[in-house]
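Peer 1: Listed in order, the protein sequences are those of chains A and B.
The working numbering puts the first residue of the first sequence at 125, with every later residue one more than the last.
The working numbering puts the first residue of the second sequence at 6, with every later residue one more than the last.
Lysine to aspartate or glutamate pairs mimicking EDC-like chemistry, simulated, CA-CA at most 16 angstroms apart:
{"id": "1", "chain 1": "B", "residue 1": "113", "chain 2": "B", "residue 2": "32"}
{"id": "2", "chain 1": "B", "residue 1": "379", "chain 2": "B", "residue 2": "459"}
{"id": "3", "chain 1": "A", "residue 1": "223", "chain 2": "B", "residue 2": "614"}
{"id": "4", "chain 1": "B", "residue 1": "8", "chain 2": "B", "residue 2": "64"}
{"id": "5", "chain 1": "B", "residue 1": "451", "chain 2": "B", "residue 2": "371"}
{"id": "6", "chain 1": "A", "residue 1": "223", "chain 2": "B", "residue 2": "626"}
The hints are simulated quantities; they were obtained by calculation from the structure and are not laboratory data.
The structure displayed is predicted, hence computed values, not measured ones.
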Amino acid sequence: MVPLYWYVLLSAALFTIGVVGVLSRRNVFIVLMSIELMLNAANINMVAFSHYLQNLTGQIFVIFIITVAAAEAAVALAIIILLARNRGSVHVDEFNLMKG
Amino acid sequence: MLKYALIPLLPFAGFLIAGLFGKYLKERAAYAAVAGVAGSFILSVSAFIDVLGGTIIDENLYSWFAIGNLTVNVGFQIDQLTAVMLLVVTTLSTLIHIYSVGYMHGDKGYARFFAYLELFTFFMLVLVMANNFVLMFVGWEGVGLCSYLLIGFWYEKKSASDAGIKAFVVNRVGDFGFLLGMFLIFLTFGTLDFTDVFAALSGPAAAQSYMLLGAEIGVMTLISLLLFVGAMGKSAQLPLYVWLPDAMEGPTPVSALIHAATMVTAGVFMVARCAPIFSLSPTAMTTVAIVGGLTAVFAATIGLVQNDIKRVIAYSTISQLGYMFLGLGVGAFAAGIFHLTTHAFFKGLLFLASGSVIHALSGEQDMQKMGGLKRKIKVTHGVFLVGSLALAGIFPFAGFFSKDEILWSAHNAGEVGRVLWMLGVFGAFLTAFYSFRLIYLTFYGKSRIDHEVEHHVHESPKVMTIPLVILAFFAITIGWIGMPGAIIPHANLFGDFLAPVFPVLEHGVANHGLERWLMVFSVMVALAGIRLAYSLYVKNTSMPDRLARSFKGTYNLLLNKYKVDEVYNFIFVDGLVHRLARFLYNITDVKIIDGAVNGIAGMIRRTSEGSRKVQTGFVQEYAFVMGLGLVVLMGLYYVLK
Numbered sequence: 125m126v127p128l129y130w131y132v133l134l135s136a137a138l139f140t141i142g143v144v145g146v147l148s149r150r151n152v153f154i155v156l157m158s159i160e161l162m163l164n165a166a167n168i169n170m171v172a173f174s175h176y177l178q179n180l181t182g183q184i185f186v187i188f189i190i191t192v193a194a195a196e197a198a199v200a201l202a203i204i205i206l207l208a209r210n211r212g213s214v215h216v217d218e219f220n221l222m223k224g
Numbered sequence: 006m007l008k009y010a011l012i013p014l015l016p017f018a019g020f021l022i023a024g025l026f027g028k029y030l031k032e033r034a035a036y037a038a039v040a041g042v043a044g045s046f047i048l049s050v051s052a053f054i055d056v057l058g059g060t061i062i063d064e065n066l067y068s069w070f071a072i073g074n075l076t077v078n079v080g081f082q083i084d085q086l087t088a089v090m091l092l093v094v095t096t097l098s099t100l101i102h103i104y105s106v107g108y109m110h111g112d113k114g115y116a117r118f119f120a121y122l123e124l125f126t127f128f129m130l131v132l133v134m135a136n137n138f139v140l141m142f143v144g145w146e147g148v149g150l151c152s153y154l155l156i157g158f159w160y161e162k163k164s165a166s167d168a169g170i171k172a173f174v175v176n177r178v179g180d181f182g183f184l185l186g187m188f189l190i191f192l193t194f195g196t197l198d199f200t201d202v203f204a205a206l207s208g209p210a211a212a213q214s215y216m217l218l219g220a221e222i223g224v225m226t227l228i229s230l231l232l233f234v235g236a237m238g239k240s241a242q243l244p245l246y247v248w249l250p251d252a253m254e255g256p257t258p259v260s261a262l263i264h265a266a267t268m269v270t271a272g273v274f275m276v277a278r279c280a281p282i283f284s285l286s287p288t289a290m291t292t293v294a295i296v297g298g299l300t301a302v303f304a305a306t307i308g309l310v311q312n313d314i315k316r317v318i319a320y321s322t323i324s325q326l327g328y329m330f331l332g333l334g335v336g337a338f339a340a341g342i343f344h345l346t347t348h349a350f351f352k353g354l355l356f357l358a359s360g361s362v363i364h365a366l367s368g369e370q371d372m373q374k375m376g377g378l379k380r381k382i383k384v385t386h387g388v389f390l391v392g393s394l395a396l397a398g399i400f401p402f403a404g405f406f407s408k409d410e411i412l413w414s415a416h417n418a419g420e421v422g423r424v425l426w427m428l429g430v431f432g433a434f435l436t437a438f439y440s441f442r443l444i445y446l447t448f449y450g451k452s453r454i455d456h457e458v459e460h461h462v463h464e465s466p467k468v469m470t471i472p473l474v475i476l477a478f479f480a481i482t483i484g485w486i487g488m489p490g491a492i493i494p495h496a497n498l499f500g501d502f503l504a505p506v507f508p509v510l511e512h513g514v515a516n517h518g519l520e521r522w523l524m525v526f527s528v529m530v531a532l533a534g535i536r537l538a539y540s541l542y543v544k545n546t547s548m549p550d551r552l553a554r555s556f557k558g559t560y561n562l563l564l565n566k567y568k569v570d571e572v573y574n575f576i577f578v579d580g581l582v583h584r585l586a587r588f589l590y591n592i593t594d595v596k597i598i599d600g601a602v603n604g605i606a607g608m609i610r611r612t613s614e615g616s617r618k619v620q621t622g623f624v625q626e627y628a629f630v631m632g633l634g635l636v637v638l639m640g641l642y643y644v645l646k
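Based on the provided sequences and hints, a complete structural model is requested.
Peer 2: As structure tokens, this is what we get:
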């Protein structure tokens, strides 16, 4: 049996990759994918602890998270399409309207 | 007590009605105003009868404020002195209110005028009825405020609003002295109630003295002199008289009520009220007498050559106020108040009569453009003549009795008094001359009136002439209540009535023979003045011009009022005020205040210019900082746990 330790380590590794991706990539699609990665890192954590504690609540929760993530991905993609149409770019470093 | 409290409150009610509802009442506001003062007059008569019957009222209505051991009450004191002032103020105020109904007819500030006049009457009554210095000061400042408002009544006129400001500022100088005097009284006696202060005068506190500029000055002298500075401002004495001639910019009833009969005599009243304090300091008394005597002659000389009818009377007022102070200064307090009373009537009369002349001539005030009015405005001419005879001090008109009592007291007051007596007699000569110069220029000789104006010359309406006739009656008879012992022995009702209020200062024994001769002498002097005026302005009308040409320097000096205004302007306004203003503007305002404000703004801008670089606008960088913050917080949590 794979010990809990490994699962947590995997989840942490995935989450870190996601964070680095969100912070460093220019392309909005990659950023979005990185966010999905972070979400799923959390999911792995949930399932692992659910199994470890012998409590199904965590796994049910994961189903919900995946659903919400799918909806969120749909909305996000729609925004990205509009962004690409209006600004002609999907590169994050070209959107700095919030500059002080 | 309610009856006495109503004396000032009725005019105040009139003020509220005329002031608040004047817009709707229009000219009907005058009814409320006249009713207010008339009610106050009736109550004053009743209060006077009470005092005559021996009732002296000194009662606190309520405690205004108390700080530490200073307690200030709103309280009224009605003794003989106050009773006299009440009668003078309310009589004059009522008559002048009635007169104003006609005089101000058609003015667009009609209701406002009556509101101010009522407010003035209220404050003046508070001033004379107060039983402590603080409440008196409230009245004192209040009448100053109303004076300012009424001088600048026609505020569209630049000269009028300037004159108002000048009156206010000059009075502040005097008020400063009054305030300091009050502080010193409180410091010395620990109270500001008249009765308590006067009772403490015989105690040890009054004997203190201060070292000032190397000289030892008794505290009573210091208090008296400071209070007298206040009186100088309000009563237009040298060197603070400059505001009064300019105050003639106000409507004529105002000049009569405020700047002749009542407010300007507040200083005289204050000194008389504080007679127990002043009489303890021979230095202060002498100062009062000398300032009064000098002012009497100084103002009279300026009055000799002025051409504005109201200004002549204004200088005459300053001069007569000088006589009052001369009387107070030589210890003849009752005589000073007596002159105040007679002067209020005949000077009020003169001002109102000159208002009637101005009214008849559609606003003309220059005497060089009058003349020959005797037949056209008969009533005005008659009352003007009565007023001038009273002013000149001709027997048996009012001014004769009061002025002579003052001169006689001065004559009895040692060597300084003798010199002051000579000044006074000289002043009486000048007074007779300028008042009849005014009469002759205005009513006699050939008409020099503009043709346009001449068609409209008319006698004033009844509502104006009746108060004039009443005042003229008083200008003849009011002096008889103060009959000097040299004419009818033991008939000086006025002096006997006031005797309980004032300390007695011994000045030798009465010498009726000499007094009679001095009276004859001063009447002769006055007649000589009239005679001179007659020969210069009726007989030899070219003479004044020739005199003016041959004594050009003197004439111009007098015409320009000794250039005192120019000197004050140069020293105080340009020299002091403007320089100070420039300093305050260039250094304090621009450098310090603006510097501080702009400096702080600039500092914030520079800091924010640095820190706004953090706001790059890149979401990723924000997210990075957020993550970093989270890590730091979690790290802290683990470290500190």
